[in-house]
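Colleague: Can you build the whole structure from these sequences, using the hints too?
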Amino acid sequence: MKLRVRVSMSMILLAIMSLTTTPARAAAPGDVVSAQPTTVYLLPGKLLEVPVNAWHMLYNSTSATGSVNTVSGTLLVPKSGYPLGTRPIIGYAVGTHGLGDQCAPSVSMSQGREAELALVSLFLLKGFAVAMTDYEGLGTPGPHTYMAGVSQGQAVLDSIRAATRVSGSGLSSRAPVGVMGYSQGGASAAWAAQLQPTYAPELRLRGVAAGGVPADLRAVAAHLDGTADFGLAAAAGVGLDAAYPELDLEADLNDRGRALLADAADDCVGDLSKLAGLRFSDLSPIDLMNQPKWLARLAQNRLGAVAPRVPMFLYHARGDQIIPLAVGSTLRSEYCRAGVNARWTALPAPDHVTGAIEGGPLAIEWLALRVYGLPAFGNC
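So for the sequence shown, the numbering used here puts the first residue at 16; every next one is plus one.
Hints in this document: simulated from the structure, not taken from any laboratory. In this text the structure is predicted, and so the values were computed from the model without any measurement. Cβ atoms here follow ideal geometry from the backbone N, Cα and C, with glycine treated the same way. There's no promise every hint is true.
Stated by the list, open to error - Okay, the calculated beta carbon distance ranges per label pair:
| hint | residue 1 | residue 2 | range |
| --- | --- | --- | --- |
| 1 | Gly241 | Arg189 | 46 to 56 Å |
| 2 | Asn269 | Arg324 | 25 to 35 Å |
| 3 | Arg324 | Arg273 | 37 to 47 Å |
| 4 | Gly241 | Leu99 | 53 to 63 Å |
| 5 | Asn68 | Gln306 | 20 to 30 Å |
| 6 | Asp297 | Leu140 | 23 to 33 Å |
| 7 | Leu99 | Pro260 | 37 to 47 Å |
| 8 | Thr101 | Ala243 | 45 to 55 Å |
| 9 | Asp240 | Asp366 | 13 to 23 Å |
| 10 | Phe392 | Arg352 | 15 to 25 Å |
| 11 | Leu310 | Ser136 | 38 to 48 Å |
| 12 | Pro390 | Gln306 | 42 to 52 Å |
| 13 | Val48 | Asp286 | 26 to 36 Å |
| 14 | Leu63 | Arg352 | 37 to 47 Å |
Modeller: Rendered as C-alpha cells:
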C-alpha cells in the first residue's frame with residue numbers, strides 16, 4: 016500500500032511539472048544566435064570610423080531547400096535621429112563579393128574596404144538602421160550558395176528580423192522596412208520582395224529597389240559564356256551546386272574544370288578574372304546548362320513568376336556588359352503584366368558598375384519616400 020502511495024505522488028509531481036515547464040522553442044528564422052559589437056570603417060587602415068552603433072550578427076535563416084541555417088551579417092544603427100522603436104530599417108543586399116569567407120561584407124567593413132558602404136551611408140545619414148547580410152556560407156562554415164535566389168532573399172528578410180531582436184538596438188518589429196540591392200543584391204532584393212508575403216508577412220515592407228537584376232540566370236550565363244566576365248557565370252554554377260546537392264557539378268566537369276573551379280572556390284570577385292575568356296565547354300564534356308537537373312533549378316531561380324505586393328523600383332544600365340538590359344526589362348514587363356506597382360529606369364551608364372553608381376542615389380531617394388509613407392507611381 017505504501018508503494019502505491021509513493022508511485023501516485025510521483026505521478027502527481029510529474030503532472031505538475033509538465034504543466035509548469037515550457038518546452039524549448041525550436042529555432043526560428045530571424046532568431047539571433049549571437050550579436051557582438053563591432054566597428055566599421057570607410058577607408059583601409061581602419062580610417063574614418065563610421066559613427067554608428069554596430070553589431071556583427073549570427074542569425075537563423077532558411078536554405079534554398081528549406082533547412083535551418085546560420086547566416087552572418089552586420090547591423091548599423093545611427094546614434095541619434097529617431098525615438099526608440101520608430102527607426103526605419105533597410106535590408107541592404109550587397110552585390111557580388113566572391114565565394115570565400117574573407118570576401119564577406121562584414122569582414123570588408125571591419126577593414127575599411129567595403130565600397131558599398133558609400134551608398135549605405137546615405138541611409139545612415141537619414142537616420143535609418145541598415146541590416147546587411149553576408150548571405151548563406153559567406154562568413155560562416157560551408158560554401159556560399161551564390162545566386163541561389165530563395166536562399167539570398169530569405170537571408171535578407173531574416174537579417175531585418177534579426178535586427179529587431181538584437182539587444183540594445185532599439186529597433187522595433189513594427190518599424191517601416193525597405194529593401195535595396197544591386198547585381199547579386201538586386202536579385203536578392205527582388206527575391207525578398209517576392210517571398211515576403213509568405214515568408215515574412217509580419218515585416219512592414221514599404222518598397223523594394225532592385226538594380227542590375229540578373230533575373231534569368233540561364234540567359235545571363237549564356238551571355239557571359241566566353242567573355243571577360245565568365246568567372247561570374249562559373250561562380251554562379253558553384254553557388255547553385257552548393258545549394259542543390261543533386262546537381263553534383265564536379266561529376267560533370269573534366270579535369271581542367273575541376274581544377275579551375277576548385278581553385279576559384281575561395282576567391283573574391285576580383286580574382287575571378289582568372290577565368291576570363293573561358294566557356295562552359297572548356298570545363299565540361301556535356302552541355303551543362305541544358306541538362307534537365309540544371310534546367311529545373313535555373314527555372315526555380317528565375318524571377319518574375321510571383322508578383323511582389325509592394326512598390327518596386329527597377330533600374331538598369333543601358334550599357335551593362337554583364338547583365339543584359341533585356342534581362343532587366345523583361346522582369347519589368349512581367350511584373351507590370353502581373354499588376355505590380357513598378358517604376359523602371361534605364362540609366363545612360365555605359366557599364367554594370369557605373370549603373371550602380373548612377374542608380375544608387377536615385378534608388379535610395381525613391382525608397383526613402385516609400386519608408387516615409389508617400390505613395391509610389393509606376394510607369395508600366
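Colleague: All hints are to be evaluated individually against the structure, with a verdict given for each.
Modeller: Results for each hint:
For glycine 241 and arginine 189, the Cβ-Cβ distance of about 50 Å falls inside the hinted range of 46 to 56 Å, so the restraint holds. Between asparagine 269 and arginine 324 the beta carbons are some 46 Å apart, a value that contradicts the proposed interval 25 to 35 Å. Our hint of 37 to 47 Å for arginine 324 and arginine 273 holds, since their Cβ atoms are close to 44 Å apart. Under the hint 53 to 63 Å, the C-beta atoms of glycine 241 and leucine 99, about 55 Å apart, fit the expected range.
The beta-carbon spacing between asparagine 68 and glutamine 306, approximately 48 Å, falls outside the hinted interval of 20 to 30 Å. For aspartate 297 and leucine 140, the hinted distance range of 23 to 33 Å is not satisfied, since their beta carbons lie about 47 Å from each other. Between leucine 99 and proline 260, the C-beta spacing of about 45 Å keeps the proposed range 37 to 47 Å intact. About 47 Å separates the C-beta atoms of threonine 101 and alanine 243, a value consistent with the hinted range of 45 to 55 Å.
For aspartate 240 and aspartate 366, the hinted distance range of 13 to 23 Å is satisfied, since their beta carbons lie about 19 Å from each other. With their beta carbons about 18 Å apart, phenylalanine 392 and arginine 352 fall inside the hinted range of 15 to 25 Å. Between leucine 310 and serine 136 the CB atoms are about 41 Å apart, so this pair conforms to the stated range of 38 to 48 Å. Distance hint check: the CB atoms of proline 390 and glutamine 306 are about 46 Å apart, consistent with the given range 42 to 52 Å.
With their beta carbons about 30 Å apart, valine 48 and aspartate 286 fall inside the hinted range of 26 to 36 Å. A C-beta distance of roughly 46 Å is found between leucine 63 and arginine 352, which places it inside the suggested range of 37 to 47 Å.
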